[in-house]
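K.L.:
What follows is the residue order along each chain.
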Amino acid sequence: MITRHIFRRALFCFCLALLMVLPGAMTAAAAGKSTVKLGYIGPLTGGNSSIGLGARNAMELAILERNGDAGAKYSYELVSLDDECKPNIGIQVATKMAADRSVLGAVAHYCSAVALGTVDVYHRFGLPVIVYGAVHPDITYAHDYPEVLRIIGTLVNQNQVASKFMLSQGYRRFAVISDTTDYGKSHKEYFTKYIKEGGGEILEEFGVTADQQDFTAELTRIKSLNPQVVYFAGLTPLGVRIRAQMEKLGIKAQFEGVSGIKSEAFITGLGAELAEGCLSFLEGSPLEKLAGGDAFMKNYSARNFKNPPDTMAPFTYVAANQIMDAVEKVGPDRKKIISYLRGIKDADSLIGKVTYDEHGQNSEPYVSKYVVQDGVWLVWEDSEYASGKRSLKK
Amino acid sequence: MDLILQFCMNGLMLGMMYALVAVGFTLFFGVLDVIVFSHGDTVMIGSFAGLAMYWWLGSYYPELAVFWMTLWVLLAAVAVVALLGMLTADAMIVPLRKGPPLNTLLATMMLGTVLRESIRLFFPDGSNPQTFPGLLPDWSWQSGNLNLRFDNIVLFCSGACIIALVHLVINRTRLGMAIRAVAQDEEAAQLMGVNFRFIVLATFALGSSVAAFAGVMNGMYYNEINFGVGLLLGAIGFSSAVIGGLGNVYGAILGGFIFAFLQTIGVVVMPFASAYKDVFAFGAVILLMAWRPTGLIAEPASKRV
Numbered sequence: 001m002i003t004r005h006i007f008r009r010a011l012f013c014f015c016l017a018l019l020m021v022l023p024g025a026m027t028a029a030a031a032g033k034s035t036v037k038l039g040y041i042g043p044l045t046g047g048n049s050s051i052g053l054g055a056r057n058a059m060e061l062a063i064l065e066r067n068g069d070a071g072a073k074y075s076y077e078l079v080s081l082d083d084e085c086k087p088n089i090g091i092q093v094a095t096k097m098a099a100d101r102s103v104l105g106a107v108a109h110y111c112s113a114v115a116l117g118t119v120d121v122y123h124r125f126g127l128p129v130i131v132y133g134a135v136h137p138d139i140t141y142a143h144d145y146p147e148v149l150r151i152i153g154t155l156v157n158q159n160q161v162a163s164k165f166m167l168s169q170g171y172r173r174f175a176v177i178s179d180t181t182d183y184g185k186s187h188k189e190y191f192t193k194y195i196k197e198g199g200g201e202i203l204e205e206f207g208v209t210a211d212q213q214d215f216t217a218e219l220t221r222i223k224s225l226n227p228q229v230v231y232f233a234g235l236t237p238l239g240v241r242i243r244a245q246m247e248k249l250g251i252k253a254q255f256e257g258v259s260g261i262k263s264e265a266f267i268t269g270l271g272a273e274l275a276e277g278c279l280s281f282l283e284g285s286p287l288e289k290l291a292g293g294d295a296f297m298k299n300y301s302a303r304n305f306k307n308p309p310d311t312m313a314p315f316t317y318v319a320a321n322q323i324m325d326a327v328e329k330v331g332p333d334r335k336k337i338i339s340y341l342r343g344i345k346d347a348d349s350l351i352g353k354v355t356y357d358e359h360g361q362n363s364e365p366y367v368s369k370y371v372v373q374d375g376v377w378l379v380w381e382d383s384e385y386a387s388g389k390r391s392l393k394k
Numbered sequence: 395m396d397l398i399l400q401f402c403m404n405g406l407m408l409g410m411m412y413a414l415v416a417v418g419f420t421l422f423f424g425v426l427d428v429i430v431f432s433h434g435d436t437v438m439i440g441s442f443a444g445l446a447m448y449w450w451l452g453s454y455y456p457e458l459a460v461f462w463m464t465l466w467v468l469l470a471a472v473a474v475v476a477l478l479g480m481l482t483a484d485a486m487i488v489p490l491r492k493g494p495p496l497n498t499l500l501a502t503m504m505l506g507t508v509l510r511e512s513i514r515l516f517f518p519d520g521s522n523p524q525t526f527p528g529l530l531p532d533w534s535w536q537s538g539n540l541n542l543r544f545d546n547i548v549l550f551c552s553g554a555c556i557i558a559l560v561h562l563v564i565n566r567t568r569l570g571m572a573i574r575a576v577a578q579d580e581e582a583a584q585l586m587g588v589n590f591r592f593i594v595l596a597t598f599a600l601g602s603s604v605a606a607f608a609g610v611m612n613g614m615y616y617n618e619i620n621f622g623v624g625l626l627l628g629a630i631g632f633s634s635a636v637i638g639g640l641g642n643v644y645g646a647i648l649g650g651f652i653f654a655f656l657q658t659i660g661v662v663v664m665p666f667a668s669a670y671k672d673v674f675a676f677g678a679v680i681l682l683m684a685w686r687p688t689g690l691i692a693e694p695a696s697k698r699v
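In order, the protein sequences belong to chains X and U.
The opening residue of the first sequence carries number 1 in my numbering; numbering runs sequentially from there.
The opening residue of the second sequence carries number 395 in my numbering; numbering runs sequentially from there.
You may find that some hints are simply not true.
[As the list claims (entries may be wrong)] Label-pair ranges, simulated between beta-carbon atoms:
no.	chain 1	residue 1	chain 2	residue 2	range
1	U	ILE398	X	ARG390	34 to 42 Å
2	X	ASP374	U	LEU515	30 to 38 Å
3	U	LEU496	X	TRP380	31 to 39 Å
Calculated directly from the structure, the hints in this document are not laboratory data.
Just so you know, even glycine gets a beta-carbon here, dropped at the ideal spot from N, CA and C.
Construct the complete structure from the given sequences, taking the supplied hints into account.
P.N.:
Below, the structure written as structure tokens:
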């Protein structure tokens, strides 16, 4: 009696399950496509979330476009996780993603401190990853992991360009503030190296913690050294505070940041007046300068995302497309995808040519110089500062 | 010389901010023997409430004079934060009072996280740093390395006035007498007809109002606020209250200035190791605590029996 009861129950459940699964199975069969999961990891909350969200949206855009393409062999699904720009969280979510065998490739990380910790995870699980925004050289150069590639240039190139530019503008005396993360420290290391080689002088270097609020003590000391430039290596939240407090103390020096402050949040946090004339350097060209940039912007706006694309969106967009190209070409197999990606050479893309070297590093780095003019980050060459109409602080 | 004066000026501003936060910690501990760890985040809520008021005024009454604008911003911050303080006391502190003190400590710590994350998630663009209006005129007087700003002086003096006011309320009013009575002996005070619940709420409203002022002052001083500022501010405020002597208002003020002094000295003496200034300051706090476990100005033992 009881067994009969259980049997009937099981049959009922089975039928129910079949009913629920069938429609899905039928549509998939009708489309003839199996679904492939792709991952995204970046800061979706916290101080750097505006960049992380824009980058995530760009990847979603790439996937939506590919899914709309009748010629694609697979349909794609985005799995997106938040690393909060914190190494401990980053390793957790990277492990979660890499351990999921149904995820075939990922685009990840804006913060170097996170990426430095997670590359080992990707290697251990064999997940192909293209790093889109973290610029510390060790992410690609400190190991031989075939799984890890990077589409953005390293901060070595960035500081080469930055120091050359500053010296060419006639600046010689620099005060340096850097946050104590790997990101800030290695920016400082390369910047001071190139400045010294170019004949400039580093008056003093200050390390600051990433959650520091008050910089008046450091800045007072800097003021007494009377530098021409205050160079800051770190991310937007600290950049905003330091620039604001420089004004409070009446420091007249030019403010120069790194790629970490090139965000909309830097200008909204400071207001257009204080942000005016601040400098930053960033890998790649701005959207409007890129071939296909306008089209990208149009498609992005058409999807009504809640956040603007911000600076890293083109990189994730291209990286996501590279992984999807790989899946289309070699099928859903992590190992084959890696060797396909490694073979990318001289490929045209939204961000210009892409070539991965033996370390998986895109070796076609182009660094743009930016200056804030009337509340907008402008490419240096297009600004009134370059044309001589306005001038930087001396 | 001008350099030293500038360092002193920075240290004094920082010290005043810490002292205002520490006063709250010390008030709550003095009256209820509880440590309210969300106090730092209460300060942060104060600055965001002020900013929201400023935005609202800016869109509905853009013609309003700066003085009234400042007053309304301050009032909004105080109102929101005092209400929050009373709510915290009524819903969390009083009900948990009979349990082990660890529970209150944990509960308020969690509350701090809730407050922080709420601002991050629900305030418009809350995860990014926000510009806080200067409001006060930015007159300044420059001499060599010294940049004396009018707004800093006003902020410092009003901070001092607020502390003096708290002192007066506690020592010269009937309400203050009741607060002191509850602090000394809660049961005896109740026997004498003191309304215990009312006094607790009043104390929290008072301490939180001071925090709201610190929040607005923090915003006007740095012209920038962010959701995470409360965490470190809370830790520093608490340490200041402890080195001064928990439960003693003078101790809190002294502790606040000592902490700011330590941080500034850390940078002046060791500019090459400026990243370690917090390590240096907190290390010094540990030493001070080893030397005077009950704080520099300890409460008389009879009070605590």
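K.L.:
Run through the hints listed earlier and report the numbers of any the structure violates, in increasing order.
P.N.:
3
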